[in-house]
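Enquirer: Sequence:
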Amino acid sequence: MFTRRHLLATAVAAPAILRFGIGTAHAATTLKISHQFPGGTIDKGDFRDRLCRMFAAEVAKRSNGDIAAEIYPNSSLIKTNAQFSAMRKGALDISLYPMPYAGGELPETNIGLMPGLVTTYDQGMRWKKEPVGKALTDFLADKGIILLTWVWQAGGVASRSKPIVAPEDAKGLKVRGGSREMDMVLQTAGASVLSVPSNEIYAAMQTGACDAGITSSTSLISFRLEEVAKSLTSGAGASYWFMLEPLMMSKAIFDKLPKNQQDILLAVGTELEAFGRKGAQDDDIEVAKVYEKAGAKVSALDAATVGKWRDIARDTAWKDYSAKTATAANLLKLATDVAA
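Here the sequence shown stands for residues -27 to -1, 1 to 313, where the numbers follow mature numbering (1 follows the signal peptide of the UniProt record, and there is no 0).
Certain hints may be false.
Claimed, not checked - With beta-carbon atoms standing in for the labels, derived distance ranges: (1) L239 / K203: 40 to 46 Å; (2) S168 / D115: 24 to 30 Å; (3) S49 / D275: 36 to 42 Å; (4) A277 / N47: 36 to 42 Å.
Stated by the list, open to error - Capping the alpha-carbon separation at 16 Å, the derived lysine to aspartate or glutamate pairs in EDC-like fashion look like this: (5) K229 / D39; (6) K34 / E244; (7) K52 / E244; (8) K281 / E141; (9) K17 / D255; (10) K262 / E200; (11) K116 / D228; (12) K17 / E259; (13) K224 / D66; (14) K297 / E78; (15) K101 / D310; (16) K270 / E259; (17) K62 / E78; (18) K270 / E200; (19) K62 / D115; (20) K232 / D39; (21) K251 / D16; (22) K135 / E265; (23) K34 / D236; (24) K102 / D310; (25) K101 / D111; (26) K102 / E246; (27) K229 / E78; (28) K306 / E103; (29) K262 / E199; (30) K5 / D66; (31) K101 / E244; (32) K135 / E199; (33) K107 / D310; (34) K116 / D39; (35) K102 / E244; (36) K116 / D95; (37) K147 / D115; (38) K52 / D39; (39) K266 / E200; (40) K251 / D95.
No wet-lab data here; the hints were simulated from the structure.
In this text the structure is predicted, and so the values were computed from the model without any measurement.
All C-beta atoms, glycine included, are put in the ideal place defined by N, C-alpha and C.
Work the whole structure out from these sequences, hints included.
Expert: Below, the structure is given as structure tokens:
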């Protein structure tokens, strides 16, 4: 397991580990890890980038350099929305990828951001060991994707004007929701919607193409949306917006590796889940401080307000999603069986 001492030791060794195997007698398997978030270091910056770097360093260490890795932040290797398809084709090895971004290709993946379905971290993390987790994992494997690290993130709303807390607050505004299903809920509430990845929200809000953006606490911080926002609705205490944003891998690439290397990737991925959860929850608290310091008005959600959003979602997004495919209907049924 990743103890603090272990992580510190790995962090110190990381620069050497990431290069280990280059120029040695045996050829290392070099994996390319892509994501859309700002780059940093193994111990500083966006926790999602840090998770990728910790993963790379640890698998290099445990494989004695037989597995090397290169990190490509900021969608510098492959454009954000193209990463999922690239993994399915074996053109990209690994990505820390917001699952519902794949909804246009595989609508079933929108279960990863179904408004009001997951309302706590405990509930989301239980999916992995419940029937819904097996069904989702099997479905993705059949489509060419292996889940390495389950990461859930609560979200909030950055707004250029008034706070968006209850559904009626969204009326007349242009809002980025993050998934087709979230967009349906917003439209029912009277908003118009904009579909862009989180790394494009800043520009959309800056130009006025978007009045408000709903995204994870970490993205609210990392993409500096406090610079273009006057209001924040925090999801720290309660949230109707939980996104599954796992570290995932191309099954075509995974299947080519020897079993001992596959075992290392899966083990390290699982051990990093605690780090991912802590990173997300720490940012849920930090985001309010960042926005308050920037002069934004900070509002909070409560269970009753989350219930209003969930009621709309059940009558619109949930029904629409369930009618997509038999797999989608089964995933939704199994997910609703996991209590909050």
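Enquirer: Next, verify each hint and record whether it holds.
Expert: How the hints compare with the structure:
About 45 Å separates the C-beta atoms of L239 and K203, a value consistent with the hinted range of 40 to 46 Å. Distance hint for S168 and D115: a CB-CB separation of about 26 Å, consistent with the stated range 24 to 30 Å. A hinted range of 36 to 42 Å for the beta carbons of S49 and D275 is consistent with their spacing of about 40 Å. Take A277 and N47: their Cβ atoms lie about 39 Å apart, and the range 36 to 42 Å holds.
Taking the CA atoms of K229 and D39, the gap is near 14 Å; set against the 16 Å cutoff, the hint holds. For the proposed pair K34 and E244, the alpha carbon gap of about 15 Å is at most 16 Å, so the pair holds. Among the hinted pairs, K52 with E244 is inconsistent with the structure: their alpha-carbon atoms are about 28 Å apart, more than 16 Å. At roughly 10 Å between alpha-carbon atoms, K281 and E141 fall within 16 Å of each other, so this suggested pair holds.
Under the criterion of a C-alpha separation no larger than 16 Å, the hint pairing K17 with D255 is consistent with the structure, at around 14 Å. Between K262 and E200 the alpha-carbon distance is near 14 Å, which keeps this suggested pair within the 16 Å criterion. The hinted pair formed by K116 and D228 meets the criterion: a straight-line CA distance of about 13 Å does not exceed 16 Å. Between K17 and E259 the alpha-carbon distance is near 15 Å, which keeps this suggested pair within the 16 Å criterion.
At most 16 Å may separate the alpha-carbon atoms for a hinted pair to count; K224 and D66 meet this at roughly 9 Å. For the proposed pair K297 and E78, the alpha carbon gap of about 13 Å is at most 16 Å, so the pair holds. This hinted pair checks out: K101 and D310 have alpha carbons roughly 13 Å apart, not beyond 16 Å. Between K270 and E259, the direct Cα distance comes to roughly 15 Å. Compliance with the 16 Å bound is thereby established for this hinted pair.
At most 16 Å may separate the alpha-carbon atoms for a hinted pair to count; K62 and E78 meet this at roughly 13 Å. Between K270 and E200 the CA atoms are separated by roughly 13 Å; this keeps the pair inside 16 Å, and the hint holds. Using a Cα cut-off of 16 Å, the hinted pair K62 and D115 holds, with the two alpha carbons roughly 13 Å apart. Taking the CA atoms of K232 and D39, the gap is near 13 Å; set against the 16 Å cutoff, the hint holds.
Restraint check for K251 and D16: satisfied, since their Cα atoms lie roughly 14 Å apart, inside the 16 Å limit. The straight-line distance between the Cα atoms of K135 and E265 is roughly 15 Å, inside the 16 Å bound, and the hint therefore holds. About 14 Å separates the Cα atoms of K34 and D236, which keeps this hinted pair within 16 Å; it holds. Of the pairs offered as hints, the one joining K102 and D310 holds, with about 13 Å between alpha carbons and a cut-off of 16 Å not exceeded.
Note on K101 and D111: the hinted pairing holds, with a Cα-Cα distance of about 12 Å set against a maximum of 16 Å. Of the pairs offered as hints, the one joining K102 and E246 holds, with about 13 Å between alpha carbons and a cut-off of 16 Å not exceeded. Taking the CA atoms of K229 and E78, the gap is near 25 Å; set against the 16 Å cutoff, the hint is violated. Under the criterion of a C-alpha separation no larger than 16 Å, the hint pairing K306 with E103 is consistent with the structure, at around 12 Å.
The straight-line distance between the Cα atoms of K262 and E199 is roughly 11 Å, inside the 16 Å bound, and the hint therefore holds. For the hint pairing K5 with D66, the CA-to-CA distance comes to about 5 Å; that is within 16 Å, so the pair holds. Using a Cα cut-off of 16 Å, the hinted pair K101 and E244 holds, with the two alpha carbons roughly 13 Å apart. Between K135 and E199 the CA atoms are separated by roughly 14 Å; this keeps the pair inside 16 Å, and the hint holds.
Taking the CA atoms of K107 and D310, the gap is about 14 Å. The hint holds against a cut of 16 Å. This hinted pair does not check out: K116 and D39 have alpha carbons roughly 27 Å apart, beyond 16 Å. Between K102 and E244 the CA atoms are separated by roughly 15 Å; this keeps the pair inside 16 Å, and the hint holds. For the proposed pair K116 and D95, the alpha carbon gap of about 27 Å is over 16 Å, so the pair is violated.
In summary, the hint linking K147 to D115 is not supported, as the alpha carbons are separated by about 37 Å, beyond the 16 Å threshold. Proximity of K52 to D39 is assessed by CA-CA distance (about 28 Å); at most 16 Å being required, the pair is judged violated. For the hint linking K266 to E200, the alpha-carbon distance of about 11 Å falls within 16 Å, and the restraint holds. Between K251 and D95 the alpha-carbon distance is near 12 Å, which keeps this suggested pair within the 16 Å criterion.
This entry does not satisfy hints 7, 27, 34, 36, 37, 38, going by the numbered hints stated previously.
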